[in-house]
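Chemist: When you get a sec, could you build the whole thing from the sequences and use the hints?
Mapping the sequence shown onto my numbering, position 49 (from 1) lands on 49, and the numbers just tick up by one.
You may find that some hints are simply not true.
Pairwise CB distance ranges, derived in the manner of DEER restraints [stated by the list, open to error]: (1) GLY60 - ASP118: 30 to 38 Å; (2) LYS31 - HIS95: 30 to 38 Å; (3) ASP30 - ASN120: 31 to 39 Å; (4) GLN92 - GLN37: 18 to 26 Å; (5) GLY60 - ASN120: 27 to 35 Å.
No farther apart than 20 Å at their CA atoms in a straight line, the calculated lysine to any residue pairs in the SDA-like style are these [unchecked claim]: (6) LYS126 - THR56; (7) LYS107 - ARG88; (8) LYS103 - VAL29; (9) LYS107 - TRP128; (10) LYS61 - GLY106; (11) LYS107 - ASP84; (12) LYS61 - GLN35; (13) LYS129 - GLY85; (14) LYS39 - ASP53; (15) LYS129 - GLU58; (16) LYS39 - GLY102; (17) LYS61 - ASN33; (18) LYS126 - GLY60; (19) LYS61 - GLY34.
Keep in mind that the hints were calculated from the coordinates and are not lab data. No residue lacks a Cβ here, since even glycine has one placed at the ideal position from N, Cα and C.
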Amino acid sequence: MFARYGVPIVALALLPVHIGAGFAQGSGVDKFNGQWQWKVASGAGPCNLAIGDPVTIESGKISGQIQHGSDTGLGYMSGTIDADGTIRTFAQGSHVFVKVTGKAEGKNAEGVADVAGDANCQITWKAWKLD
1 MFARYGVPIV ALALLPVHIG AGFAQGSGVD KFNGQWQWKV ASGAGPCNLA IGDPVTIESG
61 KISGQIQHGS DTGLGYMSGT IDADGTIRTF AQGSHVFVKV TGKAEGKNAE GVADVAGDAN
121 CQITWKAWKL D
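Modeler: Structure, rendered in structure tokens:
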């Protein structure tokens with residue numbers, strides 16, 4: 001075994017792997033992993049968002065589909081959730097762009113969605129984690 005500055009080189013090669021694994025496990029976002037269903041709580045004007053399948057949260061990443069009004073085309077939603085529950089996502093369909101923000105605590109979440117494009121409005125939403 002070779003040594004440099006009194007530290008075996010083999011130990012230096014393993015050190016970054018150990019640090020990387022510890023960081024990923026300690027991130028705290030995994031508590032939100034799973035399927036989340038959400039609904040529009042309130043809104044005004046032409047704001048008519050709907051969601052079919054539950055939204056998926058996995059390792060801090062949010063993904064799912066969103067539908068606006070009677071438009072048959074679905075938009076794809078993607079974004080992030082932080083360890084403290086802060087939600088930031090975006091969705092884009094053929095005629096609208098939606099910025100969704102909010103906060104999750106435990107198995108519940110709520111926030112706002114700002115819609116721009118064919119409809120310009122804001123809604124509030126609520127979500128819950130499915131078991």
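Chemist: Each hint: holds or not?
Modeler: Going through the hints against the structure:
no.: 1; hint: GLY60 - ASP118: 30 to 38 Å; verdict: 31 Å, holds
no.: 2; hint: LYS31 - HIS95: 30 to 38 Å; verdict: 36 Å, holds
no.: 3; hint: ASP30 - ASN120: 31 to 39 Å; verdict: 36 Å, holds
no.: 4; hint: GLN92 - GLN37: 18 to 26 Å; verdict: 21 Å, holds
no.: 5; hint: GLY60 - ASN120: 27 to 35 Å; verdict: 30 Å, holds
no.: 6; hint: LYS126 - THR56; verdict: 15 Å, holds
no.: 7; hint: LYS107 - ARG88; verdict: 17 Å, holds
no.: 8; hint: LYS103 - VAL29; verdict: 13 Å, holds
no.: 9; hint: LYS107 - TRP128; verdict: 6 Å, holds
no.: 10; hint: LYS61 - GLY106; verdict: 17 Å, holds
no.: 11; hint: LYS107 - ASP84; verdict: 13 Å, holds
no.: 12; hint: LYS61 - GLN35; verdict: 12 Å, holds
no.: 13; hint: LYS129 - GLY85; verdict: 13 Å, holds
no.: 14; hint: LYS39 - ASP53; verdict: 11 Å, holds
no.: 15; hint: LYS129 - GLU58; verdict: 12 Å, holds
no.: 16; hint: LYS39 - GLY102; verdict: 13 Å, holds
no.: 17; hint: LYS61 - ASN33; verdict: 9 Å, holds
no.: 18; hint: LYS126 - GLY60; verdict: 19 Å, holds
no.: 19; hint: LYS61 - GLY34; verdict: 11 Å, holds
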